[in-house]
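Student: Chains A and B are the protein sequences, given in the same order.
Here the first sequence is numbered in our numbering, starting from 1 and rising by one per residue.
Here the second sequence is numbered in our numbering, starting from 1001 and rising by one per residue.
Calculated directly from the structure, the hints in this document are not laboratory data.
The C-beta atom is built at its ideal place from N, Cα and C for all residues, glycine as well.
Among the clues, some could well be false.
Said to hold, decoys possible - Only some residues are given here: those of chain A computed to face chain B with a beta carbon under 10 Å: (1) Asp-46; (2) Gly-242; (3) Ser-628; (4) Gly-639; (5) Ala-662.
Unchecked claim - Covered by chain A, according to a simulated footprint, are these stretches of chain B (three or more residues, beta-carbon under 8 Å): (6) 1053 to 1060; (7) 1063 to 1073; (8) 1102 to 1110; (9) 1120 to 1132; (10) 1141 to 1148; (11) 1159 to 1170.
To be verified - Chain A side only, calculated, beta carbon under 7 Å to chain B, not exhaustive: (12) Glu-192; (13) Gln-636; (14) Thr-659.
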Amino acid sequence: MARLIKTEKEVEGRYEDVWLVVEEDPLEQWPAGARTIVGQETVRVDAPQRIRGEARYTADLQFPGMLHTAVLRSPHAHARVKSIDRERALAAAGVRGVLGPGEAKGLEDVAGYHGAPVAAVAAETFAQAQAALEQLGAEWEVLEPALDPDRSERHDDPNRYERGDLEAGLAEADVVVEAEYRTQSVLHNSFETHQAVCRWEGDVLEVYISTQYIWGIRDSVASELDLPPDKVRVVCEYMGGGFGSKNSPDEYTFVAAELAKRTGRPVRCALTRREENLAAGNRNATIQRLVAGARSDGTLTALGGEFVNSVGWSGWNASTDGPMRMLYDCPNVRTVVHGAKINTPPMKAFRAPGFVEGTFGLECLLDELAAKLDLDPLELRRKNYAHATNDRPYSSKNLMECYRRAETHWERRHEVRSRSDGPWKRGVGLASQIWYGGGGPPSYAWIRVGSDGRATVITAMQDIGTGTRTAMAQIAAEELGIPVDRVEVSLGDSARGPFASISAGSSTVPSMGPAVRQAAHDAKRQILEIASQRYDREERVLDLKDGDVVSTDGNLLIPLTEVVGLLDDAQVLGKGARGPNPTGMNVLTFGCHVAEVAVDVETGEVQVERIAAIHDVGRVISPLQASSQVEGGVIQGIGHTLSEERLLDPHSGAVLTQTLDAYRLPTIADVPEIVMDLVDEPDEHLTNLGSKGLGEPPIIPVAAAIANAIRDATGADVRSLPITREEMLRALREAEERAKAKDKVAAGSS
Amino acid sequence: MDAASATTELALIRCTYGDTRTRSVPDLKINGQSYDLDVPVGHSLAQVLREELGLTGTKVACGEGHCGACTVLVGGLPMLSCITLVHTLDGAEVTTIEGLRDHPLVDAFLRTDAVQCGFCTPGQIVSASALVAANPSPSREEIRHAMSGNLCRCGTYPKIEEAIATWNEH
Ligand code: FES
Ligand code: FES
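Okay, chain B solo, but in the shape it has when bound (with noise of 0.2 Å):
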């Protein structure tokens, strides 16, 4: 397929996912608070996010599941918001950076200075918010394999390696 086509492949999927048919999602869980959403037929949780509710503290790097930046909770564990369709999450539970604001981690991320342009720090937040309560006192290497899914193109990596690594030392 040449470039051309590709693209008009693309513009075809979002016109018929278009922005006229809504559908209702009566059942979302964000932050501990219920929702009952009517949004149009595939968006994504991130889209209704940010857009919808604004929750603007979930960031789109990519917008195609390559980077982390748009990392939040469902139902604990980390997924990619930004290629999840909201209508796949009726009844689901969901936490965003919103939900982690006072989490410990976020006060290690600061004495560290585990935070650059920012526009990474909310997703390895969320990121590392899963690891540590999956597990409390993560070794390097398990920290270095939960958080390479999280892209930080400013290289604040070392500084969240130390984040994570004494998150509950303070």
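Here chain A stands alone, though its shape is the one from the complex (with noise of 0.2 Å):
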């Protein structure tokens, strides 16, 4: 029977209460441990068709008489359109159809940034579409952009955080450090750009896109064209990559909707390379003025943050202060994060937003703290160890035994040193990192198990390339006993699925697993049922196992199919929900890095060595795909820290890296030695699975800990991604003005 409940929903650490419909008693949890199929290493159960290049992703839908779609951007970062001419580009060669500012939601006639949409044109090739662009023949008053954050506009309504007293708490302290640190702004770059695909089919908009989120597009789209949203369809069944870049439909979208209901044709719109890394979202830039205090054993007594981040024309504000609010137990902390509105592409969410950055100051932060008060980084962090935040208790933490298992790597330091050679310094360094990752609902799942003892997992999520799909046949395969090839995945069509939780803020595995586990469970109780009927045995010592019906004393064992089997082509059919998170509890997800680096102290490179990667994340359900996971997120976050950054020109304001040549993503050869270490013990308070996610963990230490080993290495202290040659030659520089300072004064006293 439906049960609506109410309780608390978290978002990015704000909680409201939401109504919420579960279908039955929850379940309890597995023991921990690795069981027969969940926790167990499966290959991924759509690599073959990924691998193998029959995956089909929007990039390679064609649909008959499918039009193209070229969009007119700014050529300006900051500029308004005096005028263009529709009629001559809708006379060009193949063009079909053209919109104009104001005709479809994200075109507008004042460009606040560099690759601004402001019109777009519809023609039977995409050459014919980019050809009639200039025949708009747009004339552009060109506006005065603004381009400094610190002296911009600011939001009107800065986010601000207090507990205790920080002024007071700095009194307090013995040794006091500040710093300013600043982060770059850095492009998403999934590899297939932002694209959709729409057409009519009768009164049913179908809207094929390469989508982190099926069901927040057909609801912003139902709502933009104003129609039912059970006539709006939206489909993703493969995808190439989101990183938060891809929760909201945008004007692709919303362009291709508007040309195909004007030309009654399916139309494309999809974003070249350069778009893409022009007007596709990209991690913000921030600035940070932060300040600690601590007595000389080590016990902070302040912590202290102004923050600016660079937003862009429109985007929301991160939370770049969370980890100084959530990570330390510290009794006077005080912050405040400003939104500085300028004239470059608005951010978008790119892999847990805010907390990669202001952990890069924070972490930082507390070693330069660790190295005025003479202690060891991680004694330092385990004497400030927060048992609950802001009076929350937390679900689960097992960021001590994190702490434990990092010791190892961190031993290693002297030997790493002693292995420095010439101008190439070695060092060790360590970073924390804390995250939500506890998803929520709602979300819904049916199996159907059909006459040939195979199930089938229905659900309308996404998957965005993270093992989605391997997760949820395991743990469905788990609950049936039944082994993981016959259980298929479906997913990826709002018409054909229930209700499924964005593929964001590492939610999928804790807020789809538990739903997908629930309706597995509700398909066996059913099974078992019809079994007991059957074979005249009492229910309760009937279970599944292996592919059979067992029963508890042993003297029973028949095999599933034989009783689906009675169904013929009938199936049985299971429903799960997501049950609510724990009330009046902090979910987080806590872990720590441990970087080793070899600098050049002559040239200013660096070289990353090793990093181990230590989480906890609850438990594991696919250990395979999960180290792939950690292993991308740590190689995400070395490009962060090293090489990425979008550049612009500082007088226009023009987005200078817009190729893959330009922008320097990771290659093969610039990865280290990647240790992974997950602590695997199920939050006993979560679900019916314990687990939490691991999308976002993996990235969010890593600068911080190779800045610190380049501290250790070297003296220098880095405060400024990425570290180019010039910031580290820079840093070396004030290093050894420090060390000469300190040396005068030595002298002039003695």
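Make the complex out of the two chains shown on their own, each in a separate frame, by following the hints.
Tutor: As structure tokens, then:
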């Protein structure tokens, strides 16, 4: 029976009460440790399709009569389009439709950044559509761009946080450190660019889209086009990466939908790589002015920060202060986070938005403090271990265990340093991480078991490349007691399954996994009921195991196919819903990284040689895919730390790094040894699985761990990302001058 | 050149190589099959594979020769199909991912989980197949050297290295 309950829902640390329908009483968690299938290495269930080039991405779809769209984008960082010649464009070869400013959501006559969409043309071929953009003959009134985040307009609602009294905390401190950190803007560069194909089938609008959130697209498109939500069908079977940038529809979807309506033809609107790097979002740059105070024994007395997020022309203000508020047990904390509106492309969520940037600042500051106090950085972190955040206990926290497991890697620092050689100095650094990742309701799944004993998980979620299908298949197979290769996972279509959560915020496994297990349990219960009647056994002595129905007394063993075979073509249908998160608790993920680096102090070159990544994300479902997530996060983190940066022309605000030769992603040659260690302890308060998400945690501590290793190797305080040779040499010079000044003082006083 | 006139120039190039004039490529072999194609001048091999022939296993992630996603073999050597004009290939033998689906590397990538979103993966397989054809037991260094033109935003690199290092061990 459907039960209506009221529960708390957390979004980025803010709690609200929501109504929720759950279907059954909660299931007991499985005991800790690897199970028959869950927690065991399994090959990715959709790997053959992806590797062999059989998987169909949005980019691969072709419909008869499909038109192609090109979008006119502003070549200026700030401008108003004075006129466009729609008629001339409409008359150009192959052109079938033109949209000007205001004719589809996202197309505007005032362009607030280089690449802002203004108009769009649909034609028989993409080349014709691109050629016709010229015929629009856009005339621009160029406006003055605002580009300095420190001097630009600020959002009038900065995020403020305060506990205790920062000034009193600083007054109490024996040692105070202050520093300014800066992080750059980086680009997602998902390999499949943002794109959608829209077509009308009768009165239903079909939207094929590369997205992280099928249901969010459905809602936004339905409300924008004033359609009943069920008249919008959203499909995404395979997608080529998102990293946070594909949570919402944006202009390309609305343009394709509108042009499909006007022309009666299917319409594709796909960004090119250059457009992707202009207008598909970015991790915003930050400025962080931080202060920390501690007693001589290392007890933190004060943490304060003023943060400026350069969110761009639009975009939201991420919690860059999150780590400072949450990671340590410090009585006096005050933060303020400003959003600066400037004429640059709007930010979008990018793998742990805010926390990646904020952890760089905070965890570097902690090491600068440790150096000043002459304390071991690992000890300093243990000393200030938090047991609650804002008076809410954690549903589970095994960060201390992560620290314990970090010791063997931390111990290597003596040996690593001793391998310094000529200009190459070596060192070891560590950094902690805290993040959300508990997921939440609502999320639903169905399971269908056929008379062939095969099961299909049905839910309208999306697999963005993280191994979602695999995790869901493992959970269903475990609960149903059948091999994983007898489970299909049918997802990616809003018309084919129930509501499922967004694939963002490290929430896929913790949100969807429990619903899938519940659905499998429901199907299992029905199968056992059928067996109990057919074979005349009490239901409570029956179970499903290795593809058979068995009795706990051991004297019944009937293949599952025989039991469900009774149904002929009919099927057993199980339903499952994600239950609530534990009330009054913080559900968070934790971890720490230990990095080993080599720095050439003559050239400023930095090489990362090894990273140990230790994380507490509750129960691990798919260890092989988990290791891929960790490696992927670490490698993106290395790019963020050392090579990636969106460059702007400082005068015009034009984006200079639009191509993949100018914007430097890590290559296979840049990858260090990566060691992964997951605590794998189920969170006893969280759902029927005890699992949290792992998508974001592994990128969070990378930059700080590397910067701290650089300090260990050279004594230099790196304070700005990316750590280019220029920044490295600057930090080395500064450290040298500091040492000289100290010597002078020492000489003067002797 | 300012951004606006750069756009103009690009558009003009595309106009000139518009879609109206076609020319034949009478003798192109793709995965062992001969084709006699009549395609617009200026079309890239990637475009012809994906749009004319429906061979969508070859992916295009940048379209300008910077990422390796579109890699195919031409005469056994890796080539970037997004910047190879199809009319230059008359008489050539092309192998795409569709022709390599049963290569043992596919199984090695599967076993080691050398795939996340999968958008770069067909190109990785094609490049790796050229490497192991020339050098069946490449060292880790040789793998890194040969594969550094194939970018992967998801970061499957450690697994790719593992897959290639162990491709013929199973
Ligand atoms: S798509 Fe050809 S190199 Fe990127
Ligand atoms: S697997 Fe996603 S880009 Fe390589």
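Student: Name the hints, by number, that the structure is in violation of.
Tutor: none
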